[in-house]
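Trainee: For chain A, the structure is supplied; the task is to place chain B on it using the hints.
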Amino acid sequence: MTDAPDLRPALILGAGSDIGRETARLLAAKGRPIQLAGRRPEALARDAADIAARHGVPVTTHAWDATDLAAAGAFLDGLPEMPGIVLCAVGLLGDQEETQDDAEAIARIVATNFTGPAAMLEAAAARLSRLPGKTAVVGIGSVAGDRGRARNYWYGAAKAGFATMLSGLRQRYAATDLLVTLVRPGFVATAMTEGMDLPGPLVISAEQQAKLIVEGVEKRRHHVIHWKWALLMSVIRNLPEAVFLKTRF
Amino acid sequence: MSPRPAFRPAGPADAPAPQPAPLRADGPPPAAPLAGWGRFPTLPAHRAAPADLAAAAAALRAQGEGIAPRGLGRAYGDAALPPAAGPGLAVETRRLDRFHAFDPETGVLVAEAGVSLGEIATALLPRGWFPAVVPGTRFVSLGGAIAADVHGKNHHAPGGGAFGDHVAWLELMDESGALRRLAPGDPGFAETCGGMGLTGLIVRAAIRLRRVESGWLRQETIRAGNLDAAMDLIEASQGWTHASAWIDCLARGTRLGRAILYRAEDAAYDELAAAQKLDRWALKAQEKRLGPPPDLVPGFALNLLTMRAFNALYWAGGGPAERRGPALVDWGTCFHPLDAVLGWNRIYGRRGFVQFQCALPPETAREGLRAMLRLTSQAGQGSFLAVLKALGEGREGASLSFPRRGWTLALDFPATPRAFFVIERLHRLTAEHGGRIYLAKDARMTAAEFAATEPRAPAFRASPARARAFATALARRLEL
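Sequences listed follow chains A and B, in order.
Using my numbering, the first residue of the first sequence is number 1, and each one after it goes up by one.
Using my numbering, the first residue of the second sequence is number 1001, and each one after it goes up by one.
Only chain A is shown next, with the shape it has when bound in the complex (with noise of 0.2 angstroms):
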């Protein structure tokens, strides 16, 4: 165990994700030794090889499932080394029209996307605040909690009780060297379609969202969101309900 707060491991959780996967890359890259956890720890061999061989560093993985709730501080004390960065990536988009008249994929939205991973960073905070140097929990919600749409109301409003969940515990643990930081995604293509048929300038990176997220935890940033997206959603939180009611977006 190391007592240099930078080479700290990364636990990354929901790791089979393209963000929880660039995000490890380039925090390994930077030397940290990396944990990743998800349901199927088999299923992140592949990945834990790939990190290690390209960057020298560590790698484990973890068997973790967002939605045992109760779990989530035994999860951590039984990891091999208490981590510096706690980056949750879990979510699950599920599908709207699937979701609204079946109360157990109800359930499954929300603790996927607020309640498991609002638990866990809950746990992490409080052991990670205790830590000797800055530490770092990180949640990724999403632009869907920015205003609830037709589209995808279950998930963005599980998306948005996570945003507020986690604004409250970053003012619980303001006096102490814990970030608390929260990335909205937009869309996020994958670093290899260029040449496909993409819808425009708004799509960014699995590779570039994961830089704004290191960039963003090294800069202490309680916010990550690309410019573009930034923008755009300050224009549609601020439409008016009446002309809000009308698009189609």
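Bear in mind the hints are in silico, worked out from the structure with no lab data behind them.
Note that beta-carbon positions come from the ideal geometry of N, C-alpha and C, so glycine has one too.
Hints are supplied without guarantee of correctness; some may be wrong.
What the hints assert, rightly or not - Calculated lysine-lysine pairs in the DSBU-like style (CA-CA distance at most 30 angstroms, straight line):
1) 1277/B <-> 228/A
2) 219/A <-> 246/A
3) 1288/B <-> 228/A
4) 211/A <-> 30/A
What the hints assert, rightly or not - Covered stretches of chain A (chain B as the covering partner; in silico rule of three or more C-beta atoms under 8 angstroms from a C-beta of chain B):
5) 38-50
6) 223-236
Mentor: Structure of chain B alone, referenced to chain A:
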């Protein structure tokens, strides 16, 4: 084969989600236009981008015929396009992009085929290793680099050679999804290095990297007033590890073939200035170079006037070595100058462009190159990417690998009928001078021209390594 949406959400955390493409119950999704880096030709193609080896095996089994391996799409012509007629599927390796293992003692890297050489350089430079051979762009995939047996500025140098010279082993997937591991000397290995994907899908490989002390190179820039001077200068520079020349293919008369030679050596750590020591691996320099991709490159069409002006300015800027002196340049500037303009392939506009690259034997090279440059400058056709380089020995027993001892000239042209006419005559000149054409660049050769320039073709065609289930538009065109 599953319908590929235009882009996939980056995991569940990504929202608002794009509307998924409607799933079609009635068979496969329609073919969509697909092209190589030159954007010519554009052909309707089905494509699949399997996420792992199991998915790749399933895609190959389901397809069974007309499989066209495709890496990151940097082959200029139709080498990575499925055949236009009959069943066809471009199987892309871009999501097979994981490293498996790296040994920092020996510099041997095991990685999946879709990893780009730029990623390899960026990830492993901090540990003192760099790909042994890099072509003119960092955006080629590992699998593509093997399949095209690419070469770089160090082909002539000891430790250089072609990409295939540094492959410890590769894994080839056949149409049944079965994997075979091939090492140099194994049946099929020689055919696969330079085999343009026609021996199977390369899914994984082990390559030997080259040790470097920094990400910088000590580069000299020297002007040569005409072709003979340029070739003399290049010959005199064979002791340098990296050497190639930009050539002004529009210059005429006594200035025919005037060129700027770039020759470089890896810079040792002690050679770096303080500022460069802070960025020892020149990774920050890459970020500055690449920058964000321009949303849209102005679609102005290059014409003779703008191109002549560009070339004249570029030549003037080359400056005599006495004045410029040696300079330290980062690896991207040295090896991948055009990567700084992401999407430079759009500069020729919608019609696209075609590349011509030949390799001529040393005995006929001077005469052949002079004839080629005279032809292009007289036709007023020619490019801002014209490269002249001396090649070292080709690999013993290499099957369709491009590099051979002698000289290579690369030119690009807008995809216009007038340029096609010039290219046809360039093909004839290549055949007359005993040369061959680089398949990774080619989009225009006919089967007859191929036969005239590639005496090794019948042996490749008849080889048991040539997998019949694999076919590309290029293979059909060349009857390969």
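Trainee: Does each hint hold? Answer for all of them.
Mentor: Now for the hints, and whether the structure bears them out:
no. : hint             : in the structure
1   : 1277/B <-> 228/A : violated, 35 angstroms
2   : 219/A <-> 246/A  : violated, 39 angstroms
3   : 1288/B <-> 228/A : holds, 21 angstroms
4   : 211/A <-> 30/A   : holds, 12 angstroms
5   : 38-50            : holds (count 4)
6   : 223-236          : violated (count 0)
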